[in-house]
Amino acid sequence: MTAILRTEKLRVEYRSREMRQATKVALSGLDLEVGAGEIFGFLGPNGAGKTTTMNVLLGFVPPTSGSAYLFGIDVRQPIARQRIGYLPELTYYYKFLTAEELLRYYAKIFGLSRAEMNRRIPELLKLVELEHAAKRPIKSYSKGMQQRVGLAQALINNPDLLVLDEPTSGLDPVGRMKVREIIQRLKNEGKTVFFSSHELGEVESVCDRVAIIHQGELKAIGRVAEITGKHANLEQAFLALIGYQMQPAS
Amino acid sequence: MKNIFAVAGVVIKELYRRKDFYVLFIVTILICVVMASINIYNDAHIVRYLKEICLDLIWLCTLVIAVTTTARQIPAERENRTLLPLLAKPLTRVQLILGKFLGCWLACGLTLLCFYAFFGALSASREHQLPVANYFQAALLHWFMLGIIVAFALLGSLIFAAPSSNATICFVLIGGIMFVGRNLDRVALTLREPTRTIVYWLYFVIPHLEFYDMRDLVVHNWPTVPWLYFGLALLYAVFYMGVFLIGACLVFRRKAVN
Numbered sequence: 725m726t727a728i729l730r731t732e733k734l735r736v737e738y739r740s741r742e743m744r745q746a747t748k749v750a751l752s753g754l755d756l757e758v759g760a761g762e763i764f765g766f767l768g769p770n771g772a773g774k775t776t777t778m779n780v781l782l783g784f785v786p787p788t789s790g791s792a793y794l795f796g797i798d799v800r801q802p803i804a805r806q807r808i809g810y811l812p813e814l815t816y817y818y819k820f821l822t823a824e825e826l827l828r829y830y831a832k833i834f835g836l837s838r839a840e841m842n843r844r845i846p847e848l849l850k851l852v853e854l855e856h857a858a859k860r861p862i863k864s865y866s867k868g869m870q871q872r873v874g875l876a877q878a879l880i881n882n883p884d885l886l887v888l889d890e891p892t893s894g895l896d897p898v899g900r901m902k903v904r905e906i907i908q909r910l911k912n913e914g915k916t917v918f919f920s921s922h923e924l925g926e927v928e929s930v931c932d933r934v935a936i937i938h939q940g941e942l943k944a945i946g947r948v949a950e951i952t953g954k955h956a957n958l959e960q961a962f963l964a965l966i967g968y969q970m971q972p973a974s
Numbered sequence: 121m122k123n124i125f126a127v128a129g130v131v132i133k134e135l136y137r138r139k140d141f142y143v144l145f146i147v148t149i150l151i152c153v154v155m156a157s158i159n160i161y162n163d164a165h166i167v168r169y170l171k172e173i174c175l176d177l178i179w180l181c182t183l184v185i186a187v188t189t190t191a192r193q194i195p196a197e198r199e200n201r202t203l204l205p206l207l208a209k210p211l212t213r214v215q216l217i218l219g220k221f222l223g224c225w226l227a228c229g230l231t232l233l234c235f236y237a238f239f240g241a242l243s244a245s246r247e248h249q250l251p252v253a254n255y256f257q258a259a260l261l262h263w264f265m266l267g268i269i270v271a272f273a274l275l276g277s278l279i280f281a282a283p284s285s286n287a288t289i290c291f292v293l294i295g296g297i298m299f300v301g302r303n304l305d306r307v308a309l310t311l312r313e314p315t316r317t318i319v320y321w322l323y324f325v326i327p328h329l330e331f332y333d334m335r336d337l338v339v340h341n342w343p344t345v346p347w348l349y350f351g352l353a354l355l356y357a358v359f360y361m362g363v364f365l366i367g368a369c370l371v372f373r374r375k376a377v378n
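If you read the protein sequences in the order shown, they are chains A and B.
Residue numbers 725 to 974, in this note's numbering, belong to the letters of the first sequence in order.
Residue numbers 121 to 378, in this note's numbering, belong to the letters of the second sequence in order.
The shape of chain B in the complex, shown without the other chains:
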C-alpha cells in the first residue's frame, strides 16, 4: 500500500502546483459572485437559478480537471521517460495504476471539497439555511461519479498514446453517456432488430452517470435520497471503477515501456 500512496502523493502534489485548478476555481467564484450580485427580472426565486448555474460550473470544472489530470498521467511519464526509473524500482505496474487512480481521485475529491464549500457558503448567504445532508449526498455521489470517470480516462490513456486524443474521446463518450445514455432504452424501442438488441445491450453496459446527478435535489432543497439507494449508487460506482481499473491493469501488464 505504501507504494500506491507514494505514487498518489505525487499526483496530488502535481495538481496543486499546476495552475489549472486555481484558474477554474477563481473563474467559478467570479462568475457566481457576479451572478449573485444582480437580481435579473426582480425574481424572488433567483437564488435557484444562481444555485443551478453555480452547480453546472462545478460539474463542468471538476469534469475538466478529472479528465485532463488523468489523461496526461501515464503518457507524460512515458514522454518524459520518468516511467523507466519508476518501474526499475520495486514497484509493480498494478501498484502504479492504482497509485495514479487514487491520486487523481483524491485530487478530484479535494477540488470538489473546495467547490462545494464555496457553493455552500454562497447559497447559505442567500437562503439563510444550509441543508448539510443534501450537500453531503450530492458531493459524495459526485465524487464517486468522478471516480468512474478517472478510472475510464486512465484506461483510455493506456490505449491512446496522446493525452489530447484521450481527453477528447473521454469528453465525447462521457458527454454521450450523460446526455444520451439514460434514453437509450427508449431509443431501442424505435429500432428494428438486431440494432434494437445492440442498443439495449449498450444501455445495460454503460455506467449510468445520471444516478449521480443530485443538482435538482440541491437546487430545490428536496428531501434527501433514501440512504439505501444512496449506498447502492456508491456500490454501482465502485463496480465500474473496478471494471475499468482491471482493464487498465490488463492493458498495461504486458505493454513494453521502452
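So that you can see chain A by itself, here it is in the shape it has in the complex:
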C-alpha cells in the first residue's frame, strides 16, 4: 500500500495563556498511515484531537515533535499541498463573491489555466448542484449551499487526497446524503478521502478503514468490521473504546 498520508509519533502541545495551567497535550505520539484510494474515517469525541491532526497535516499548526507527510513530502513545505483538497468545518466564504468567482480565485492559486478553469468550474458547480446559483453572491446561500460550495472549492484542483473536516456537520438529511454520494463518487474515481465525522452510521457505510482517537491518543485503527468486532455496531465499539460507561435504565 502506497502511503498518501503519514504521521510519525506526532505530538502537539498547547501552552496555556494562564500561568497556573499546565501545558495541554492535544496529540500524543500519533502514528497514522492512509493508503491511495482509501476512504479513511477519523473518529473521536469533541476535543479528541481530530481537527488538530488536520491542522498539522495542512501546515496550520507546527508539531511539537514528530513529523507528518503528504505524498512523502513534509507538510511544512507548501508544495505538499499542491495535490490536496480541504474542506474545513463551518466556513463562511467571502460574502461579496459569487460561487463562480470563489472557485476562479482558488483555481488561480493552484495555477490552473483559463481553459482549464472554464472547463472545471461548471463541472464542479454541476457536481455539487449549484449551477443555478453560480452567479449569486454567497451571502444569499443557505448553510447547505455554503457547505456544497466548500466541497467544490476543495475539488477545484482535481486533488488526489481530500481532507474533509466534518463535511456533513449541520446539514439536513438530504444535504448529508448528497455529500455522501459525492464522497462515494470520488472513491470510484480513485481518490483518497480522509475525513472526520460524528455521524458513525455514515462512517460505517462509506469508509474502508477508520481510526478512533481519544484525548490525543490513537485507540484503534483498522477496517470497520475489525473495529466493530464483538460489538453490535461501530457506535457501540466507539463508546467502548473511549471508555464510556452506559448508565443502566432505571
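Please note that a few of the clues may not be correct.
Ranges between beta-carbon positions, derived for each pair [unchecked claim]:
hint, chain 1, residue 1, chain 2, residue 2, range
1, B, Arg373, A, Arg843, 48 to 56 Å
2, A, Pro786, B, Ala241, 51 to 59 Å
3, A, Asn957, B, Arg137, 44 to 52 Å
4, B, Glu247, A, Lys867, 51 to 59 Å
5, B, Leu180, A, Pro786, 41 to 49 Å
6, B, Lys122, A, Gln960, 31 to 39 Å
7, A, Thr726, B, Tyr136, 42 to 50 Å
8, A, Gly771, B, Met121, 36 to 44 Å
9, B, Asn200, A, Arg843, 24 to 32 Å
10, A, Lys867, B, Leu293, 38 to 46 Å
Within a straight-line C-alpha distance of at most 20 Å, the following computed SDA-like cross-link-like pairs (lysine to any residue) qualify [said to hold, decoys possible]:
hint, chain 1, residue 1, chain 2, residue 2
11, A, Lys943, A, Gly771
12, A, Lys819, B, Thr212
13, A, Lys832, B, Thr212
14, A, Lys863, A, Glu853
15, A, Lys832, B, Glu172
16, A, Lys867, B, Glu199
17, A, Lys863, B, Arg138
18, A, Lys867, B, Glu197
I should point out that these hints are in silico values taken from the structure, not numbers from a laboratory.
The model shown is predicted, which means the values in this text are computed figures rather than measured ones.
For glycine and all other residues, C-beta sits at the position ideal for the given N, C-alpha and C.
Position chain B against the provided structure of chain A, taking the given hints into account.
Positioned in the frame of chain A, the structure of chain B alone reads:
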C-alpha cells in the same frame, strides 16, 4: 507573483462591492459642491479655501478607507475561517501578506484617482487652470504615504486580533505622527536626559508622514517640488513599507492559524 495578484484582486473586488468607498466619495462631492456654490464674505480667493477643504476631506476619507480596509483583512479571514482553505492551498503566508498589502494599496490608489479627478475638475472649473504636474506629485506622494499606512495597519492586524482595536490604535498613532511627529526634535530640546535621547530616537525612527503633505503646494499653486526630492520621498516610503511588511511576515510566519 500570480498568487499575490489573485489575493490582491479579491481585496479590490471587496472594496468596490462594499458601500464604504461610495458613501465617503458621495459625501465629499456633496460637501465640496455645496461649498463651491456659495461665496462666503465675497472673498476673491475663496477658491483656495474651497480647495483646502476639499483636500482635507480627501485626506480624511482616504485615511479612513486605508486603515479600515486593511485592519479587517486578516482578522476577517480568521473569523470567517476562510484563512484555512486559503492556506491549505499552495499559497505561502508571505504571498498572502504581500497580496493583501498590494490589494489594499491598489484599492487606495483607485480611490485616490477618483477623489483627485473630482478635485481637479472642481478646481479647474473655478480657477480655469489645471497644474497637472502639481496634482501628479501630490497624488503620487499621497498614494505612497497610504502605502506606509496600509503596511503599518497590516502589521497591526496581526498583533491585535480585533479589527476595531487595530483601527483605533492605527488612527491614534498615525494622527500622532502627523501632528506631533514633525516637532519631536524640538520637544526633545526641552527635556532632560535620558528622555531627551529617547524622544530624539523616536523622532528618527517614526516615518515622517509630513513629507507627503502637498496640500499647500496644490492650494496655492506653488511650483513643483524638485524631482530629486520627490524621488527620495518615494524611496523613503518604500523603505518603511518594506520594514512594516517584513515585520508582518515575521509575526505571521509562526502563528498558528487554527
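Going through the hints against the structure:
1. For Arg373 (chain B) and Arg843 (chain A), the hinted distance range of 48 to 56 Å is not satisfied, since their beta carbons lie about 36 Å from each other.
2. Separated by about 54 Å at the C-beta atoms, Pro786 (chain A) and Ala241 (chain B) satisfy the suggested range of 51 to 59 Å.
3. Taking the beta carbon of each, Asn957 (chain A) and Arg137 (chain B) are about 49 Å apart, inside 44 to 52 Å as hinted.
4. For Glu247 (chain B) and Lys867 (chain A), the hinted distance range of 51 to 59 Å is satisfied, since their beta carbons lie about 57 Å from each other.
5. As the Cβ distance of Leu180 (chain B) to Pro786 (chain A) is approximately 42 Å, the hint placing it in 41 to 49 Å holds.
6. The supplied range of 31 to 39 Å is broken by Lys122 (chain B) and Gln960 (chain A), whose beta-carbon atoms lie about 51 Å from each other.
7. For the hinted restraint 42 to 50 Å between Thr726 (chain A) and Tyr136 (chain B), the CB-CB distance of approximately 47 Å keeps it satisfied.
8. The hint said 36 to 44 Å for the Cβ distance between Gly771 (chain A) and Met121 (chain B), and at roughly 41 Å that hint holds.
9. Checking the proposed 24 to 32 Å range against Asn200 (chain B) and Arg843 (chain A) shows it holds: the Cβ atoms sit about 29 Å from each other.
10. Between Lys867 (chain A) and Leu293 (chain B) the beta carbon distance is about 40 Å. The supplied range of 38 to 46 Å therefore holds.
11. Proposed proximity of Lys943 (chain A) and Gly771 (chain A) is supported: the alpha carbons are some 15 Å apart, at most 20 Å.
12. For a cut-off of 20 Å, the pair hint linking Lys819 (chain A) to Thr212 (chain B) is broken: about 23 Å separates their Cα positions.
13. The suggested pairing of Lys832 (chain A) with Thr212 (chain B) holds, with an alpha-carbon distance near 14 Å, which does not exceed 20 Å.
14. At most 20 Å may separate the alpha-carbon atoms for a hinted pair to count; Lys863 (chain A) and Glu853 (chain A) meet this at roughly 17 Å.
15. At most 20 Å may separate the alpha-carbon atoms for a hinted pair to count; Lys832 (chain A) and Glu172 (chain B) exceed this at roughly 44 Å.
16. Distance hint between Lys867 (chain A) and Glu199 (chain B) is fulfilled; the C-alpha atoms sit about 17 Å from each other, no more than 20 Å.
17. Proposed proximity of Lys863 (chain A) and Arg138 (chain B) is supported: the alpha carbons are some 13 Å apart, at most 20 Å.
18. For the given pair, Lys867 (chain A) sits about 18 Å from Glu197 (chain B) by alpha-carbon distance, which is consistent with the 20 Å threshold.
The structure is inconsistent with the numbered hints 1, 6, 12, 15, although it conforms to all the rest.
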